[in-house]
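Chains as they are written, first to last, in the numbering used here: chain V, 1 to 345; chain P, 1 to 345; chain X, 1 to 345.
Check the hints yourself; a few may be wrong.
Pairs count within a copy or across copies, as identical chains cannot be separated in the list.
Only pairs whose alpha carbons sit at most 20 Å apart, straight line, appear in this in silico SDA-like list of lysine to any residue [said to hold, decoys possible]:
hint : residue 1 : residue 2
1    : Lys306    : Thr31
2    : Lys306    : Glu260
3    : Lys306    : Ser25
4    : Lys306    : Met59
5    : Lys306    : Arg262
6    : Lys306    : Thr263
Think of the hints as simulated: they come from the structure by calculation, not from any bench. None of the values given here were measured: they were computed from a predicted structure.
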Amino acid sequence: MSAFVRNAWYVAAWQHEVEAGRALSREILGTPVLLYRTADGTPVALEDRCCHRALPLSMGRVLGDRIECGYHGLQFDRAGDCVAVPGQIAIPPGARVPAYPLVERDRFVWIWMGDADRMDPADIPDFHWLDHPDWRSKPSYLHIRCNYQLLIDNLLDLSHLPFVHPTTLGEMGVAETPAATERTPRGVRTTRWIVDRPPPPMLAKLGGFAGNIDRWQIVDFIAPSAVILDVGGAPTGTGAPEGDRSRGMSNRNLNAITPETRTSLHQFWAQAHSASLTMPGITEGMHDQVRTAFLEDIAFLEAQQKQNEAGPGAARIDINADAAHLQARRLMDRLREEEATAAAE
Amino acid sequence: MSAFVRNAWYVAAWQHEVEAGRALSREILGTPVLLYRTADGTPVALEDRCCHRALPLSMGRVLGDRIECGYHGLQFDRAGDCVAVPGQIAIPPGARVPAYPLVERDRFVWIWMGDADRMDPADIPDFHWLDHPDWRSKPSYLHIRCNYQLLIDNLLDLSHLPFVHPTTLGEMGVAETPAATERTPRGVRTTRWIVDRPPPPMLAKLGGFAGNIDRWQIVDFIAPSAVILDVGGAPTGTGAPEGDRSRGMSNRNLNAITPETRTSLHQFWAQAHSASLTMPGITEGMHDQVRTAFLEDIAFLEAQQKQNEAGPGAARIDINADAAHLQARRLMDRLREEEATAAAE
Amino acid sequence: MSAFVRNAWYVAAWQHEVEAGRALSREILGTPVLLYRTADGTPVALEDRCCHRALPLSMGRVLGDRIECGYHGLQFDRAGDCVAVPGQIAIPPGARVPAYPLVERDRFVWIWMGDADRMDPADIPDFHWLDHPDWRSKPSYLHIRCNYQLLIDNLLDLSHLPFVHPTTLGEMGVAETPAATERTPRGVRTTRWIVDRPPPPMLAKLGGFAGNIDRWQIVDFIAPSAVILDVGGAPTGTGAPEGDRSRGMSNRNLNAITPETRTSLHQFWAQAHSASLTMPGITEGMHDQVRTAFLEDIAFLEAQQKQNEAGPGAARIDINADAAHLQARRLMDRLREEEATAAAE
Numbered sequence: 001m002s003a004f005v006r007n008a009w010y011v012a013a014w015q016h017e018v019e020a021g022r023a024l025s026r027e028i029l030g031t032p033v034l035l036y037r038t039a040d041g042t043p044v045a046l047e048d049r050c051c052h053r054a055l056p057l058s059m060g061r062v063l064g065d066r067i068e069c070g071y072h073g074l075q076f077d078r079a080g081d082c083v084a085v086p087g088q089i090a091i092p093p094g095a096r097v098p099a100y101p102l103v104e105r106d107r108f109v110w111i112w113m114g115d116a117d118r119m120d121p122a123d124i125p126d127f128h129w130l131d132h133p134d135w136r137s138k139p140s141y142l143h144i145r146c147n148y149q150l151l152i153d154n155l156l157d158l159s160h161l162p163f164v165h166p167t168t169l170g171e172m173g174v175a176e177t178p179a180a181t182e183r184t185p186r187g188v189r190t191t192r193w194i195v196d197r198p199p200p201p202m203l204a205k206l207g208g209f210a211g212n213i214d215r216w217q218i219v220d221f222i223a224p225s226a227v228i229l230d231v232g233g234a235p236t237g238t239g240a241p242e243g244d245r246s247r248g249m250s251n252r253n254l255n256a257i258t259p260e261t262r263t264s265l266h267q268f269w270a271q272a273h274s275a276s277l278t279m280p281g282i283t284e285g286m287h288d289q290v291r292t293a294f295l296e297d298i299a300f301l302e303a304q305q306k307q308n309e310a311g312p313g314a315a316r317i318d319i320n321a322d323a324a325h326l327q328a329r330r331l332m333d334r335l336r337e338e339e340a341t342a343a344a345e
Numbered sequence: 001m002s003a004f005v006r007n008a009w010y011v012a013a014w015q016h017e018v019e020a021g022r023a024l025s026r027e028i029l030g031t032p033v034l035l036y037r038t039a040d041g042t043p044v045a046l047e048d049r050c051c052h053r054a055l056p057l058s059m060g061r062v063l064g065d066r067i068e069c070g071y072h073g074l075q076f077d078r079a080g081d082c083v084a085v086p087g088q089i090a091i092p093p094g095a096r097v098p099a100y101p102l103v104e105r106d107r108f109v110w111i112w113m114g115d116a117d118r119m120d121p122a123d124i125p126d127f128h129w130l131d132h133p134d135w136r137s138k139p140s141y142l143h144i145r146c147n148y149q150l151l152i153d154n155l156l157d158l159s160h161l162p163f164v165h166p167t168t169l170g171e172m173g174v175a176e177t178p179a180a181t182e183r184t185p186r187g188v189r190t191t192r193w194i195v196d197r198p199p200p201p202m203l204a205k206l207g208g209f210a211g212n213i214d215r216w217q218i219v220d221f222i223a224p225s226a227v228i229l230d231v232g233g234a235p236t237g238t239g240a241p242e243g244d245r246s247r248g249m250s251n252r253n254l255n256a257i258t259p260e261t262r263t264s265l266h267q268f269w270a271q272a273h274s275a276s277l278t279m280p281g282i283t284e285g286m287h288d289q290v291r292t293a294f295l296e297d298i299a300f301l302e303a304q305q306k307q308n309e310a311g312p313g314a315a316r317i318d319i320n321a322d323a324a325h326l327q328a329r330r331l332m333d334r335l336r337e338e339e340a341t342a343a344a345e
Numbered sequence: 001m002s003a004f005v006r007n008a009w010y011v012a013a014w015q016h017e018v019e020a021g022r023a024l025s026r027e028i029l030g031t032p033v034l035l036y037r038t039a040d041g042t043p044v045a046l047e048d049r050c051c052h053r054a055l056p057l058s059m060g061r062v063l064g065d066r067i068e069c070g071y072h073g074l075q076f077d078r079a080g081d082c083v084a085v086p087g088q089i090a091i092p093p094g095a096r097v098p099a100y101p102l103v104e105r106d107r108f109v110w111i112w113m114g115d116a117d118r119m120d121p122a123d124i125p126d127f128h129w130l131d132h133p134d135w136r137s138k139p140s141y142l143h144i145r146c147n148y149q150l151l152i153d154n155l156l157d158l159s160h161l162p163f164v165h166p167t168t169l170g171e172m173g174v175a176e177t178p179a180a181t182e183r184t185p186r187g188v189r190t191t192r193w194i195v196d197r198p199p200p201p202m203l204a205k206l207g208g209f210a211g212n213i214d215r216w217q218i219v220d221f222i223a224p225s226a227v228i229l230d231v232g233g234a235p236t237g238t239g240a241p242e243g244d245r246s247r248g249m250s251n252r253n254l255n256a257i258t259p260e261t262r263t264s265l266h267q268f269w270a271q272a273h274s275a276s277l278t279m280p281g282i283t284e285g286m287h288d289q290v291r292t293a294f295l296e297d298i299a300f301l302e303a304q305q306k307q308n309e310a311g312p313g314a315a316r317i318d319i320n321a322d323a324a325h326l327q328a329r330r331l332m333d334r335l336r337e338e339e340a341t342a343a344a345e
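So here's chain V without its partners, still in its complex pose (with noise of 0.2 Å):
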């Protein structure tokens, strides 16, 4: 069974970090993919070895719309048919590179690297807050050693926060409360309401709350990539919990992972808010608030890799808390069982 569902789209790159005249190698479900864009503009994704003797094709150049490979001068075209070949003219049959199917969507290139006739592009999941007038985000990226299951668990279980980011967005409210789960149609989701407790430091400095707040996190985990983490606080009595917003302050963590290899992933995230929008600075500071509990998260979850695979037989135990992630890994199992199956028959 493969580590990782791939019939399904994943982050490649921000939009941005895909240029003409430009070779970016990424290594996604372990495999080497490379990108660059056309002169008109599409984005390009092959795979990033030569079929000739396996370079690296970002080691060559972007001519164009074409790459050539930097070891023996092969050019390849968008759809990864060698095109051409120094000193002689008949292409070798077979000569070519896989490409890999993309779209361009919310500032973010999607790739596709599963069965032609198992794409749709109304699968993408939606990470419209990164590319909406009302909100405002900075595009960030991670690059985190440890198996992509182990931060979905993390985002599907925020009773960690007062543990792990004291400094930022931990309050004890948040461990003391449960949570309730929900499978979703494409995944789990995960709603808690932390009722007339004090601010987070990180909302009590960018929100302006003096007194108590209802705090609310509600996290969208889309299989096997997307999650979306629905997230805020507003004055104690204003209503949030029925429904009225308008006195807090709301905002979007958004995440795509892509794994790079078993033990390691690619984390595209921003964070989106749509409150304070003129107030200066506050797209950054909150950017690195949140920067700051991610990089405590890293050291949690790279050292729990390096435990999983020191003693990947350690008995465990489960607690409420978990529930979310619990159903995430059922799901995600159950998708890789599905293609296993299916390549089988």
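For this one, chain V is given, so just place chains P and X on it according to the hints.
Chains P and X only, in chain V's frame:
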């Protein structure tokens, strides 16, 4: 068959390394171990791996007598039992981590990681020199990337002194004088008297010997982890070989060897002396000379480990000086075999 | 089947690297080798692993004609026989380390690590340019982390020059001109004439060519380790293709490739020239240009090695320019198979 003798006491730490309020992590016999001290001064050893999501507990906080996991805030008591889970009242069944018995003796914290019914503190090797008013020493520690048996070999065969340690402990008489080997109730003893020879650099410098000396090296290996060297010298003709060491300098080189993994170890050591206790700097000076020698050993031990890994099947010959450590290896093999047999029954 | 052809002469070192009184350690064909020179100037090669406790003998001292192990002082003579053990008179039976025959020729020290009855110094490839009054060169060395076959491929297919070495050796005519390949008694020869084209940067700079030139590249692979390139150019129309090189510049790029492990190699090389012997700095300048190019190759070779290790089963296509090294690979496979068959008999 395990790579280690498990039914034995090993030094986990120097007493002063284990502090109240501070988590110390150390891998022992291939297992990560957390060490801390409760408010009343009792040392605690737990497996350094949370039973929930495998995080090292040492990444969390010591809260009085408990350790709190840094990820989700589970708390464990000194027995390894989970006693608090944030956000829920019931503790999940089986929520515990292994706890290891500890005994503090002779400035060491000794750990038992074997079968509970085999444990007997009377088996702890005698290191009273570390904590006796007639003796003085400086506690020291070295980490070596080799199998622990290589260090036992090294300490049981001092014929290497003139070659590896020419500026401190080495003098050709050591290699040219045969040693006598005998079995002891729990180990191997090797005895060498080097009579009427110049003192090695360290003894010349710190022992104040002008002429030739009679030098003794009595090495006791107490399986599986203690190597105690009774070493020193006295002016030739003053009767040391006959039992009168009163004119000489008598030291103890004390080693507790704790396997970290199959290919690395902890060496807890000290050089204890009873002479010249009022001489300024003597303890430090003696420590520094021996440390210089031990660092030379490390270069050889780690090179030997690399060669063994590169070519484990390489043929080898033995020499007379190997007698003691060959006996020690046979003893260690037998102990490990007995444990394997007992485990299989 | 061994990863190496063993019944062959390989360069172990440049002559000047092997000195009296100094131990040089170098891994060759996966075996650690100690090199030193006796007092009378004879070079010695022994396995760099003491037969007693596996220590690298190179960590010890060269004492005249002998090497003394740095750990316990065993001494070995130039034949690898143990001739002294401290503290005992009898030498243990079998106390010896393998010794390897060496031949000094053309400034190289050649080593034989194969079957004794197959050894014949007449088989040493001719590198007389290194030590001939009509030629001058600077001895050089590179360590490359790739399988040796990748470097042989590289040197037998110079169509990569315009892509990998545009500032030194590259000119598009090389890639556009087909080469002729032929088998030789002990290897493969490939010949390319690039007629009436601009000189590449290095020849323009150091050869003083103003206009177009006729450039030749005659590459001789002598299995398994020598690659000798007869390269140069002459002004177009002066008759070089017909055999008159008197108006041109003729160089020899000389390579002895010695596998270190399956995934790394030693490249002993020099750029020899016979023209402009009195021009100041010409030898150094030529060396530096080629070294710049070889460093560019290393980046590609090591990237190629990594890709091969990551995806060994990746499909590949061949192009016309591969003809020579495909023949070389077939020859090498045959040589290794013959050795495997002989060993099995």
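Violating hint indices (sorted, rising): Hint check: nothing fails, all pass.
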